[in-house]
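The listed protein sequences correspond, in order, to chains A and B. Per our numbering, the first sequence starts with residue 153, numbered consecutively. Per our numbering, the second sequence starts with residue 5, numbered consecutively.
None of these hints come from the bench; they were simulated from the model. The beta carbon of each residue, even a glycine, is placed where N, CA and C say it ideally should be. Hints may be right or wrong, so weigh each one.
[Unchecked claim] Within a straight-line C-alpha distance of at most 27 Å, the following computed BS3-like cross-link-like pairs (lysine-lysine) qualify:
1. B:103 - A:379
2. A:442 - A:355
3. A:390 - B:126
4. B:244 - B:165
5. A:219 - B:275
6. A:412 - B:246
7. A:219 - B:435
8. B:103 - A:390
9. B:246 - A:415
10. A:379 - A:291
11. B:435 - B:410
12. B:182 - B:212
13. B:126 - B:435
14. A:355 - A:253
15. A:201 - B:244
16. A:210 - B:410
17. A:276 - B:165
[Stated by the list, open to error] Heads up, incomplete: computed chain A residues facing chain B, CB under 8 Å, no partners named:
18. 196
19. 293
20. 296
21. 300
22. 389
23. 391
24. 392
25. 410
26. 412
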Amino acid sequence: MSKNYKKEALAGFFMALPTIIGLIILNFYPLCRTVYMSFFQSGSFGKWKFVGLDNYTKMFQSSGFWKVTGNTLLFMVYTVPVTVIGGLLIAVLLDQKIKGKTVFRAIYFLPMVVAPAAVAMVWKWLFNTDFGIVNLTLKALHLPSGINWISDPKTALLACALVTIWSSVGYDAILLLSGLQGISRTYYEAARIDGASSFQQFKKITLPLVSPTLFFVLIMRIMASIKVFDIVYMMIEKTNPAIRSCETILYNFYQETFVKNNKGYGASMVVWCVILISIITLIQFIGQKKWVTYDV
Amino acid sequence: MKGKKARIALGMAICLSASALAGCGAKEGNTEGGSTPESSSAVSGSGTASEGKPVKLTMLGWEIYQQAGMEALAEAYHEEHPNVTIEVQISTWSEYWTKLEAMANSGSLPDIFWMHTNEFSKYADAGMLAELTDLYDEEDKDYFKNNFPDNLVGNFTYDDKIYGIPKDVDTVALVYNKDIFDEAGVAYPDDTWTWDTLVEVSETIKEKTGKYGMLADDTEQEGWLNTIYQAGGFYISEDKTKAGFEDEGTKKGLKEYIGWQTEHDFSPNQKEFSDLGRVERFVAGEGAMMNLGSWGINNLYINYPDLNWDVAVLPKCPDPVKGDGRASISNGLAYATAADNPNLDVVKDVLKFLGTKEAAVIHGENGAAIPAFNNTGDSWANNYEGKNVKAYVDQLEYSVQFPYSKSKSAWYPEVEATLLEVYSGNLDLDKACEQCQQVVDENLAAE
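Could you build all of it, start to finish, from the sequences and the hints given here?
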């Protein structure tokens, strides 16, 4: 190893140091601490009792826990495919030569910039049974209206999913757009000369070449959907009769930790959330070999 | 290239150290305000704070409509003790306890903070609160007993030691919209009303005006707890060892209150209440009556001057299992301070002032809430010209202390969720009571 290389490596390390310190303090330490806490029963003001795996056995035996895990997975099924495919579609459209392209990009990205709490508050009114614009539009179109969007157990989770899709599809589109723009135009020119239709171009050129970005977006989106909390917390009040069908893992974690003050049990719940995300991500990393193209 | 890197690294280092410095600065700023141990010993001794170094204290509460009252109290104290200034901070109920607990854990509790029965024993048990039992010993050994209702002092007594100065008391009453009653041509509610009158009138109103008669949403303190006690039932036993869900009176009270929503069509159902709450519907003129705690009156009085509303006592149970059918759930707050407060002497003197009749009247006259001090309720009720707000004060006579226990924060969410299932028709009341009984009993046993 040359002297020069060592010097460069050292400079690089120092430059990364602030981030490393930040990660250790803000991510790594809390992670270890949470795992540690999950083996304790919490008392008020830091009085803790070691209980081993009790929190976990209690958790896996409770029916409410499987219900919230099911709700979370259902939420994932509702949001991920629509967001990712929709995001790809929007990205392809934004990649075309159209007038006011930058304006459209800004518009699609805008929901991402708005605070989730504000988004939830506004959508809550849009979904209002009597005065909400959603039901009024349905009525004007002579479709079934008068739906209790956020208080009917059948539609409440779906309503939350719709809001999440709305607010995240633009972000995914922008990420995918950057992937699309990395594809050399010469491929398309060559394909056109060979007489490929636009659908063939999309299938044979765009899709394989954007697949690494698509894979990244998919992983991030699944993680985000399993970690959903803010939208549900803001939209569904605790006296809402649909609450049981909307509680997600993190919502339940919030209830246990900050409302019922079972901080140890709450910690075991987050650990479960991490495990669940790890399993799903692992499956994806195995599956990616089949469809993600890295070498061109 | 190398020069550039070095410059970036240098820049980052500067940023880092600058932020570290800023952190230190903020910390110093926080502890400013005379919390140095010296300043408290300088004014200790006689227990008064009329002389000595300037002291800045903070008071934290959760009700925005009480800000004026709290500031008036702070001002009154400041006039007598110019060196002490009290800054009033108001949080919200939903954030208050998370915030207070974080403050307690980091040893930075506000100098004076409001305490609620739901959380009191947790703080007292952990030794967080300063004992105030002998605060008035110089004047009167039985000061608390002589000047405050027993239940309010009892609420903030733990192991026979008093940890809070009773601040206020509240009750629940029936608030009604006079215009809707006139429109339907029925007489206003009065103290002769029973549950049956309420149902009958609500049905008439719904029939004649199309508006809701009674807005009976799923709520504990302002809702079904009242009918439970009116019917002669109980929520948890007085020694806090057993839940009362299997009691006949409890079931009767729950059945009646939940039935106002599920058995009749004069109230919106729980789904509809999720879109728009009880108070919002009332002020929009959609409903003729609702139960409302005395703390909610300021909102109506200040924000809706055009609304033609008034107050009546709660209707009584016509055929209670036991008792006379009258009850109104009542609770009280207290002022407390931390056991390790660095200015304890000054703070105690402020608390001493807050427990006087003079402070109670200032508290009441500024519309904060019904003062806890005996016979000062009218100072509050007189604020609301032309409204029979005195009904709240009158109900103190037969009011029932809002039940609580140490583990309430653990069992109440379960009860709430179970009863919600009854409201949505997924569970019948008997089963729900069985489940509630079990979960509350388990928690009470573990206390």
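Within a Cα-Cα threshold of 27 Å, do residue 390 (chain A) and residue 126 (chain B) meet the stated pairing?
23 Å, holds
Using 8 Å as the Cβ threshold, decide whether residue 296 (chain A) counts as touching chain B.
It is violated, given that the least Cβ distance between residue 296 (chain A) and chain B is near 16 Å, above 8 Å.
Does residue 275 (chain B) lie within 27 Å of residue 219 (chain A) when you go C-alpha to C-alpha?
21 Å, holds
Below or equal to 27 Å on CA atoms is what counts here, so check residue 182 (chain B) against residue 212 (chain B).
15 Å, holds
Take a quick look at whether residue 355 (chain A) and residue 253 (chain A) sit within 27 Å of each other, Cα to Cα.
24 Å, holds
Are residue 201 (chain A) and residue 244 (chain B) close enough, with their CA atoms no more than 27 Å apart?
Answer holds: residue 201 (chain A) to residue 244 (chain B) is near 24 Å, not above 27 Å.
For the pair we were handed, residue 219 (chain A) and residue 435 (chain B), check the Cα-Cα distance against 27 Å.
Since the Cα atoms of residue 219 (chain A) and residue 435 (chain B) sit roughly 20 Å apart, the hinted pair holds (cutoff 27 Å).
Hint check: residue 103 (chain B) vs residue 390 (chain A), CA-CA at most 27 Å. Holds or violated?
Holds - the C-alpha atoms of residue 390 (chain A) and residue 103 (chain B) are around 20 Å apart, at most 27 Å.
Using Cβ atoms only, decide whether residue 196 (chain A) comes closer than 8 Å to chain B, and label the hint accordingly.
5 Å, holds
What's the verdict on residue 210 (chain A) and residue 410 (chain B), does the C-alpha distance respect the 27 Å limit or exceed it?
Holds, because 22 Å separates the two Cα atoms, which is no more than 27 Å.
Need the status of pair residue 442 (chain A), residue 355 (chain A): alpha-carbon distance at most 27 Å?
15 Å, holds
Any CB of chain B closer than 8 Å to the CB of residue 392 (chain A)?
Constraint on residue 392 (chain A) satisfied, holds at 4 Å.
Checked against the numbered hints given earlier, the structure breaks hints 10, 13, 17, 19, 20 and satisfies all the rest.
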